[in-house]
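Trainee: Chains A and B, in that order, give the protein sequences. Residue 22 is where the first sequence starts when you use my numbering, and the numbers rise one by one after that. Residue 519 is where the second sequence starts when you use my numbering, and the numbers rise one by one after that.
No more than 16 angstroms apart at the CA atoms, straight line, and that leaves these computed lysine to aspartate or glutamate pairs for EDC-like:
#: 1; chain 1: B; residue 1: K558; chain 2: A; residue 2: D577
#: 2; chain 1: B; residue 1: K540; chain 2: A; residue 2: E457
#: 3; chain 1: B; residue 1: K539; chain 2: A; residue 2: E451
The hints are simulated quantities; they were obtained by calculation from the structure and are not laboratory data.
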Amino acid sequence: MLKDTQASLNNYLIKQLPKATAFFNTDFELVHVSDRWISDFEFGQRNILGQTIYELFDHLDQGMEESLEACLLGKGGELGPQLYVDKSGNERWFEWTNIPWYDDKENIIGVIIQTEEITRQKEDRSKLEKLELLLNDKSEIAKIGSWEYDAITGKLYWCPMTKRIHEVPEDYQPDMDEAIDFYLEGYSRNTISMAVYNAMEHRTPWSEKLQLTTYKGNEIWVIAAGKPLFKGGEFQGLIGTFQDITDHVRSEIKTRESEHLLRTMVDNLPLNVYIKDLESRKILVNRSECEYLGVEDASELIGKTDFDLYDREIAQVSREEDLSVLNSLNPILGKETLNVRKDGGVTTFLTSKIPLTGTDGKAYGLLGISMDISNLKQQESELRNLINVTSLQNKKLVNFAHIVSHNLRSHTANFSMLLDFLTSETDEDEKKKIIEMLTLASDNLLETLENLNEVVSISTNVGQEKVRVKLNDKIASVCKSLAPFLRNHKATIINEVSDDTHVKVVTAYLDSILMNFITNAVKYRHPDRPPVITLSAGKKEKYTVLSIADNGLGIDLEKHGEKLFGMYKTFHENAEARGIGLYITKNQVEAMEGKITTRSEVGKGTTFNIFFNEKN
Amino acid sequence: MKKIDTISVIDDDPITVFGIKKMLDSLGICDTIITYPNGKLAIDGIRERLESHGSVPDVIFLDINMPIMDGWQFLEEFISLPVDKTVRINIVTSSIDPLDRQNWESYKSRTHHLIDFKNKPIRHKDIAEITRAA
Numbered sequence: 022m023l024k025d026t027q028a029s030l031n032n033y034l035i036k037q038l039p040k041a042t043a044f045f046n047t048d049f050e051l052v053h054v055s056d057r058w059i060s061d062f063e064f065g066q067r068n069i070l071g072q073t074i075y076e077l078f079d080h081l082d083q084g085m086e087e088s089l090e091a092c093l094l095g096k097g098g099e100l101g102p103q104l105y106v107d108k109s110g111n112e113r114w115f116e117w118t119n120i121p122w123y124d125d126k127e128n129i130i131g132v133i134i135q136t137e138e139i140t141r142q143k144e145d146r147s148k149l150e151k152l153e154l155l156l157n158d159k160s161e162i163a164k165i166g167s168w169e170y171d172a173i174t175g176k177l178y179w180c181p182m183t184k185r186i187h188e189v190p191e192d193y194q195p196d197m198d199e200a201i202d203f204y205l206e207g208y209s210r211n212t213i214s215m216a217v218y219n220a221m222e223h224r225t226p227w228s229e230k231l232q233l234t235t236y237k238g239n240e241i242w243v244i245a246a247g248k249p250l251f252k253g254g255e256f257q258g259l260i261g262t263f264q265d266i267t268d269h270v271r272s273e274i275k276t277r278e279s280e281h282l283l284r285t286m287v288d289n290l291p292l293n294v295y296i297k298d299l300e301s302r303k304i305l306v307n308r309s310e311c312e313y314l315g316v317e318d319a320s321e322l323i324g325k326t327d328f329d330l331y332d333r334e335i336a337q338v339s340r341e342e343d344l345s346v347l348n349s350l351n352p353i354l355g356k357e358t359l360n361v362r363k364d365g366g367v368t369t370f371l372t373s374k375i376p377l378t379g380t381d382g383k384a385y386g387l388l389g390i391s392m393d394i395s396n397l398k399q400q401e402s403e404l405r406n407l408i409n410v411t412s413l414q415n416k417k418l419v420n421f422a423h424i425v426s427h428n429l430r431s432h433t434a435n436f437s438m439l440l441d442f443l444t445s446e447t448d449e450d451e452k453k454k455i456i457e458m459l460t461l462a463s464d465n466l467l468e469t470l471e472n473l474n475e476v477v478s479i480s481t482n483v484g485q486e487k488v489r490v491k492l493n494d495k496i497a498s499v500c501k502s503l504a505p506f507l508r509n510h511k512a513t514i515i516n517e518v519s520d521d522t523h524v525k526v527v528t529a530y531l532d533s534i535l536m537n538f539i540t541n542a543v544k545y546r547h548p549d550r551p552p553v554i555t556l557s558a559g560k561k562e563k564y565t566v567l568s569i570a571d572n573g574l575g576i577d578l579e580k581h582g583e584k585l586f587g588m589y590k591t592f593h594e595n596a597e598a599r600g601i602g603l604y605i606t607k608n609q610v611e612a613m614e615g616k617i618t619t620r621s622e623v624g625k626g627t628t629f630n631i632f633f634n635e636k637n
Numbered sequence: 519m520k521k522i523d524t525i526s527v528i529d530d531d532p533i534t535v536f537g538i539k540k541m542l543d544s545l546g547i548c549d550t551i552i553t554y555p556n557g558k559l560a561i562d563g564i565r566e567r568l569e570s571h572g573s574v575p576d577v578i579f580l581d582i583n584m585p586i587m588d589g590w591q592f593l594e595e596f597i598s599l600p601v602d603k604t605v606r607i608n609i610v611t612s613s614i615d616p617l618d619r620q621n622w623e624s625y626k627s628r629t630h631h632l633i634d635f636k637n638k639p640i641r642h643k644d645i646a647e648i649t650r651a652a
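Based on the provided sequences and hints, a complete structural model is requested.
Mentor: Okay, here's the thing in structure tokens:
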């Protein structure tokens, strides 16, 4: 009875314990339990006394059973957090403390279990752990360390990252003076000293980009930041961060160096280099381009388009090229282009335009490179002219050699044949006739030689000094010397040449040319009408053109055009035709770097246009 | 030697014409020698004879460099005449221009007439050889 009373008293006492507590006997059957334990584990109104712990909990850790067994052997202790999933499915954490239950004779009669819900603490801790983890990661990745200086104890604390940045051993214990001594003597050390002083005196925070030498002697760049802590107006200490930015600074320096290198190269290239945006505005130009466009500074060209700088037509062509490059993304490479500046300067360029594309694959501008090849072009054209002149002269020379050989040969052949006859001829009359023929042959040979001599003298006098003469003066003097001839043939000369027409000529040639064309016009007059010769003059490109038109027989140019100016070619039944005049005339005109064109209609007349070159 | 009906000499040089005629006379193989001073008169004359008599010369001596119509222009028109028989055409020139020889080769291949190319002067010993009717 007493025992029962004692038990129920115990029972009642335990029931009211503020902590969740349960008493199990050596068979792990529940003997006493506090209400808190019942409510914590949601047993409700159920009578759970007498049930074993294994019956009460569906799931217990392996460690729990061992711990309970250990208690029966007199060893108890904290188990650490244990997971309990409540009826609503929430995870709750409990701290279990299992201790042996002794009776008054120190016999182990069971196990006392105390539990305390630590779900909240557990959550808080895991949050903190997460934060710490995150912070470490961050500091690891960004190479940002932290430090703290306690003014009261005078101790300086460096986090592991700060230590790593300084390359000090893990157990290194810095003090403030040492810390400052790490900074490079001069600017860096002065700056940090001032910053610390100002923080203490004026409460100002700092953040400076500084250089320091690590424990191992490496020079590094850091951003050192810090701020003072005050409490009730009293200085407590400093906290701050410490970031290694050596890689960043090095790559910055490297970038600056390569930029400088590129710029130096671009500026000193003997090529015009520029970059244009989508609107063909220049956004970069090099020195060559500035010099070409006659500006002192690149800024004078930035933002300008080809329309601001070049002839309108040229600018339009260039803009179309730009658009084609920007739209198709196909570069233009080594294209010969002609540029005409606003001041009229003409330059031939070998131009390349290369599209510049952004990361999205679209063009944001183009890179232009132009090489001035004006000199080359000039030389090329001079060379080509020289080749043309040479090949023309060569052709003329061969032609002339054939003419000479033909003409001389025909006479010598005649001599040879006639002399053959003469030696075998007996008839006196016939002999006389042969000698007449020989005389004729001799005269012909003489004349031929004279003609050839004249042609040779023209050909060898190429480049003879030309003088500027008034065309009308020459026409007048030729007409005067031809006056009897013209009168005899009732020829009329109509001179429409204006008095201010001048030509640059070898005067003797001009005399001969005028003489030849005018006498030809009369010689080949139409039998039905008196000859009328019209002279007129005009300008065409670099030439002054004298036109001599007649109303004579005309000539079939389709048939005879090729031979018109050939030597010993005649086209009309005319006893006076010798076939040398036009040949010489043509040679004289060509010797003065001019040319002759012809228009003719059979039965109506012929017009010769003589082109006088105004160049020297 | 077989008698030849007609020989034409086409040359603007009276001395050459005189020489050829003199040599032909001495051969005495032809009674009719017609001379023309240029290609134009020659082709007109030959065409007219072809229409009125139905005959063309058996042998032609032809100069190249002549006024109005030269030897090549004459040949161009002559080979287009409706002539069945083979005419011997002796080109007689003092030209040594290779172009003239090329022209000769080209005309030779374009006609059934016999075309020969001789440099001046023509000698007595050659004349019989080149005056045989083709």
